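Protein chains: 2
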Amino acid sequence: MTPLNETHDPNLKSWVDSAQDSEFPVQNLPFGVFSPSSAEPRIGVAIGDRILDAREWAKNADLSETIKAALSRPTLNGFMSLGQESWSMVRLAISRALRQDGDRSAPLYKASDCTMHLPADIGDYTDFYASIYHATNVGALFRPDNPLLPNYKHIPIAYHGRASSVVPSGTPIKRPKGQTKADDAESPTYGPSRVLDYELEIGVFIGPGNQLGEPIDASQAEQQLFGLCLLNDWSARDLQKWEYQPLGPFLAKNFASTISPWIVTTEALAPFRCDPFQRPEGDPQPLSYLLPAGSGFDIHLEAQIAQADTEPMTLCRSNSKWLYWTIAQMIAHHTSNGCNLKPGDLIGTGTISGPDIESLGSLLELTRGGKQPFQLPNGESRRFLEDGDRIVLRARCERQGFASIGFGECSGEIVGA
Amino acid sequence: MTPLNETHDPNLKSWVDSAQDSEFPVQNLPFGVFSPSSAEPRIGVAIGDRILDAREWAKNADLSETIKAALSRPTLNGFMSLGQESWSMVRLAISRALRQDGDRSAPLYKASDCTMHLPADIGDYTDFYASIYHATNVGALFRPDNPLLPNYKHIPIAYHGRASSVVPSGTPIKRPKGQTKADDAESPTYGPSRVLDYELEIGVFIGPGNQLGEPIDASQAEQQLFGLCLLNDWSARDLQKWEYQPLGPFLAKNFASTISPWIVTTEALAPFRCDPFQRPEGDPQPLSYLLPAGSGFDIHLEAQIAQADTEPMTLCRSNSKWLYWTIAQMIAHHTSNGCNLKPGDLIGTGTISGPDIESLGSLLELTRGGKQPFQLPNGESRRFLEDGDRIVLRARCERQGFASIGFGECSGEIVGA
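Residue numbers (this note's numbering), protein chains in the order written: chain G, 1 to 417; chain W, 1 to 417.
Please keep in mind that the hints were generated in silico from the structure rather than gathered at the bench.
Heads up, a few of these hints could be off.
Because identical chains share one entry, a pair is satisfied inside a single copy or across any pair of copies.
[Stated by the list, open to error] Below, in silico cross-link-like pairs of lysine-lysine (DSBU-like), each with a Cα-Cα straight-line distance of 30 Å or less: (1) 241 with 153; (2) 181 with 241; (3) 342 with 177.
Computed from a predicted structure; not experimentally measured.
So that you can see chain G by itself, here it is in the shape it has in the complex:
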């Protein structure tokens, strides 16, 4: 776990004025890949409403040739592979360059003039199911008599998602078509999904990874965390219901998954670590390969819905501290059979719901499977997503004595099939 250091000092201010009180103050410094106007993609760091061109900046920075080469590539995979020591070194140097007493020579672009891309070439994408509140809520809808399966409290349940259809925030989401079967129908039909949902998740970008056949010990798992982003695992519930037995969700999920383009590094998140989820009395202790659990993260999450003519409306406020399994446990479990993780692999936490009605991270839960519609500011009613609906995920970390940091926006609008 990265210790607190000078980059976390709450008194630091940047010579980029917009940084102060923004989601991206000098204490944050998230990494991403951007294009200034129509130029080629390159690695950048967000500061206020600007983006530091990390490739250009690195040319004159006091860094090793290995680091400079990694920062000159069009994706973050190479930099992710270098590990915590290199990440820290670069963060410190960028922090110093952007502080009020920095030499103000860092090459910046206005973020609003830039296009954001996927931060990495995602080799594999795995999605967990780590919120026990979500698992219980969803389980109750699909299997009323048996909401939480017997393995849930022993195994960090997960499945493989689709890497090719992970898209950056802002990409329109075409309503998927697929096979569905009404309970009272004799046969299925093929057509646009009518039960389209979002899922509020956090995405984890993996650092150095491991060799095939060499599990990562739980005590070493946190060293694999390059950083976190927001993830919307769009879900077609009607497709899911008909297809998911016996091998799990497939077309219900793989038409698109949206991520926020800025990766907030684990080091930036150091002040916002918290104890892992407190298991209720009577719950089994994790098997030893899942210990130590590592820390949780206290990240405030919010999902909003908006249409062209309406103000955004909050659907849910949740927090990653509600996850039953820590990210370190997910990594230890994922590799416990020898499965190899690679730099730039993406892991989703699964929908993060909390214990309250206000903290339900999907419409499936909020509307009780569509039985309890809610009203939008424009008077329309919603059970699931309609064309023109835009879902915006946001995240923010706050702690007394530290600068607040945000994740930026993870947004996508549904367009007709």
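Chain G is fixed; fit chain W onto it per the hints.
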């Protein structure tokens, strides 16, 4: 569908003597990626016991710069992206260069001096479940009352596998550890899998692919088929049983999947196409987005088991014509929701079992879940795989009036955890 042409002429012979009557006659010409001794990986074509260095050969061939550039890369992804016309053009040129009347200048290496690599950088790996015999046999073990679920005859069921752990033939397979729970145990334990199995499958390498949001029509799906290989989807049945609900297999499968290194092109397979599986009377017709079904493939498959001190013993003889869904239907279904396929993506058919006791493509089926052990030539008994067991998959196409072609070997030996 590629028509028959001069490259399929059974009377063609190669000036490479070993080609005649081998798995790789001049009518086959499968593509792969190899290294001569310790040189860097490059694209090659198998001919008898030799490998044509396609990169070197292309330099002097009458081909476009685009094709030459694709053949000069260390993976087949670029060549796969070019499509059927380019694939055919290269096949024809290589066929002419290797025929008896060719100029014998093609740069060849002895295959036994070379190392084979993965043929492509596999972006995503999807595994289907397309043999109704396998699905019924396995379903009966996991769900005796309900072997074939109601969706099976309507949906080509599939799930996402792990791309990072796909390995080429010959890679040792480390016995995975994982969580298992005996039926009569109170709690799970973590340790080496005791119920390790193989699965006999065919792998499909995708060509040009599609844009996100743009389904591939069933009538166009065959144009996506670059070629086929053998695939062993190693499975830890004890892990699978405990983890697979509700999101499907995960650690039970993702510790390794072995493929044969030579991709037999769809064009080489043209003489061995056959009618799609004849649905029994009373089975539902596929929905229209899954039609036309395209063709099946008549490929004889065999799985063998061997130990250091024993002759290989045949476990199973099957045939890809037993698949309930065609490969074209798998592709049409996979993209029917807009999911994008990319060049070099790998699709598995799922275990290919046939209707007979001799055609069961996994030990789970052969030993009825371990209840009926079988005997090896050395007198040992087996329910599932022991350390030191080697599984070899083979495939061969035969048809009157055509040269027989083979797939080479897909092999892996189990080593201790």
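These are the hints, each one checked on the structure:
1. Taking the closest pair of Cα atoms, residue 241 and residue 153 come within 30 Å of each other both inside a single copy (24 Å) and across two copies (16 Å).
2. Both within a single protomer and between protomers do residue 181 and residue 241 lie at most 30 Å apart by alpha-carbon distance, with minima of 9 Å and 27 Å respectively.
3. In this homomeric assembly, residue 342 and residue 177 come within 30 Å of each other (Cα to Cα) only across copies, at 20 Å, whereas the closest approach inside a single copy is 32 Å.
Every hint, counting from the list given before, is met by this structure.
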